[in-house]
Amino acid sequence: MSKATVHVPVDGVDSVLDAIRSPDTLKQWLENLDAANIEKTQQETGDANAHTIGENMVRNLGMTRFPAILDKLQRVPDPATGEPPHAILRYPTALLDNIIHLSELDKYRLECEDYQGLPRVRRQVFEYLNNPDTPVDPGDFDAIGGTDAAIYGGMGRGKSTFLTTMVARILEINNEAVVWRGTSARTEWLPLAPWATVVLPKGVDATVTLAPPNDDGAGSDMDFEPIKVDLERIVRDVKYYDGLTDLNHNVLERGGFHVVYPDPRFRECEEVTKRATETKVLEYTSPWEAHRDDELGAEDITPEKFWWFAWAIHHVSEGLDMPVSWFADEIKALWTNGAEKADQDHPRFIRALADKYVDVRRSGLSIYAVGHILRKHFHHKIRDYMRWGVTMSGTPNPHNEDILSGRAPMTRDYTSGMPKGKALFWNVSSQSFSEFDWDDIPQRHKVPGKLRITYPGVEEVKEAC
Amino acid sequence: MTDAPDRGQWTVAGIPIRVTTSPALNILQRDRLELLEGGDNTRAPELKPLRDQFDDRRELINWYQAALVRTLGYLDVYAPPELLVHSSLVADGLVAGDDAPLDALQVDDYIDHMFQPAYEHAYDDLESNSQEWTGQGEEGGDYRDIQTTTEKNVAFKPAFRLLDEEQADVLKAYWRGFDDERALRQWAGGLTAVTRPLHKARTWRRRRELPQQPLQELIMSDSVAVDYLQVDVRDAGELGGEVAEAFEYKFAFAASVLLPAMALKARTLQYNAEEAAGGPRGRGAAENGNISSL
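Here the protein sequences come in this chain order: A and B. Sequential numbering from 1 applies to the first sequence in my numbering. Sequential numbering from 1001 applies to the second sequence in my numbering.
Read the hints as simulated data drawn from the structure, not as lab findings. Just so you know, not all the hints are guaranteed correct.
DSBU-like mimics (lysine-lysine), calculated; alpha carbons at most 35 Å apart, straight line [said to hold, decoys possible]: (1) A:376 x A:462; (2) A:376 x B:1172; (3) A:381 x B:1172.
Required output: the full structure, derived from the provided sequences and hints.
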């Protein structure tokens, strides 16, 4: 088999299956996965005229540049009417308003047609909006500041590829910081490893291991023990933060793709919620505190994932004036609608974020939360504030009912019968919706296997409590 | 050349309409006569005609909502609902209160100078967009098949009938009040289906002071609104006191915020007969292949 048909960047390997049979070849695959010309991006060189990480990501993933997508959609017929343009352009508030993030300053830029300093794609998108011959104009956009989306659907419907595509588009169009919720259990961000800055808490030893993909039906030759890998060789950069302020002010970079892991020490978390107005004070107990205090046991330790509530509140109340998009996969872990039953403190964390939600948007924080079941995995206190939903194919979309912060604009089920690779983007504020689809990503980026980042030291302290 | 229609089928409250070959125009005329003269007791809530005057200002607001839809939103341009608060000439003349003059001339004035221009603007608009049904062509429909006495859809457009029903339901819940803040929030969220955000109108309503937030935010961020809007004001006239106070607030809020936002929705409604069941709220279900649109 010639190398041209094998899309795996590993020497001497004939097939994808061969590549993942051994831990070394899998590790090589990850280490060899690169992004052409990433060293020439403005984030690497500091040259504001250079292309951005987002533009680089789109090019390397084989995606069409967004201005070209807009042009194409003008010629594609809207199946409901048989006439162009596509629904995405007819109803800009359904999808475009969600992914083209505009600040107050951007509104002035559009009014004055002054695009100085903007990266190329963003400039071309703004030119498209201001072009009187195109069906979309700036007045069609309602959202200033951050947006949000409750993204949900069953497994196997292309959700991972969709999220990869969304991250790339958000970076390409907005050149803003993207924060991906890092968890030890999952690494859905692996296809984007060449662009990723992994952000870890300072002073906590982390172990990074690579494990083979799950394969219940396979024989023993597919199985191997997780092996340690050097993170610096797999991702674009590794950075460390010392508290929320350090993270949000110094580490997060405009236009960067950050995979952020929570701080098990919860530095600044309680203080931030004390300083923030209009929200409840949240109490955080780290494993070390529980270990030191005889009256506290392991059951009093705050789950690490609850750090994210303090992070969001910090961004809203003390963050820099820098737009950020947060991608939170498995949102059930944070926003489950069954929080009241499981843990008496969990609802308090949820309520604290809900109290700040109106400011979330104003602070330029966009939240892309991903789950499986809308009403179960997205707590109603937060869900009731959200404006956009994305229903994946194979799951019925809401219709003729109140949902999120308003009423579903759809009057029938569109998504149940849709094929994989399609979904529906809908907006309850403007009562619009639009189907959309996305391409698969290149095979070489579909690295199987799981990259795990864990803190063995923290586990030891927990066990000692 | 068409046969002369049977005139008896084309009257409302004994008043004939000017029959045209466009069902939409005929029905718009029907709607006008129902608003002014005959009313519509098949509508829920019942549509009382303007000539009968109203028992209270709540009925006046309800009538206004129906009139905004039936004039395709143009009544908002010629007789802005805010006048109901700021001009006693308008409100008192239309409501038959205990000490308000039952003055038919005042109603005539309102119709001649405010309602009629709005209606004529709607008629002109519809005339340039409506189709003739002459029994020929692809559809083969005949205008005589669409009767003023039986056609349910406002302006012969299912989307407008749907909008009318939904806006009327919203007002019904509004007067009834809400059990708690959560119920109020849900109702306020539902306003997006029947209104357009007022700040979108700034290009053609420059002179007015309009709220710049989506309605749900506007309402829920105002503690006074949150308190008053929860109150059941249907018996305000009899109960007095705090309920009467809440009614004054609700009347002013409805006239200054709700009705203008409802009017904008009617003005910008995109209607399509094929979307009768779903109304005009969006498109999107594509059956073609993957076009990589993201």
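* Verify the proposed pairing of residue 376 (chain A) with residue 1172 (chain B), using a straight-line Cα cut of 35 Å. => 31 Å, holds
* Holds or violated: are the alpha carbons of residue 381 (chain A) and residue 1172 (chain B) at most 35 Å from each other? -> 26 Å, holds
* To do: Quickly compare the C-alpha distance for residue 376 (chain A) and residue 462 (chain A) to 35 Å and report which way the hint goes.
  => 30 Å, holds
Of the hints listed earlier, there is not a single one the structure fails to meet.
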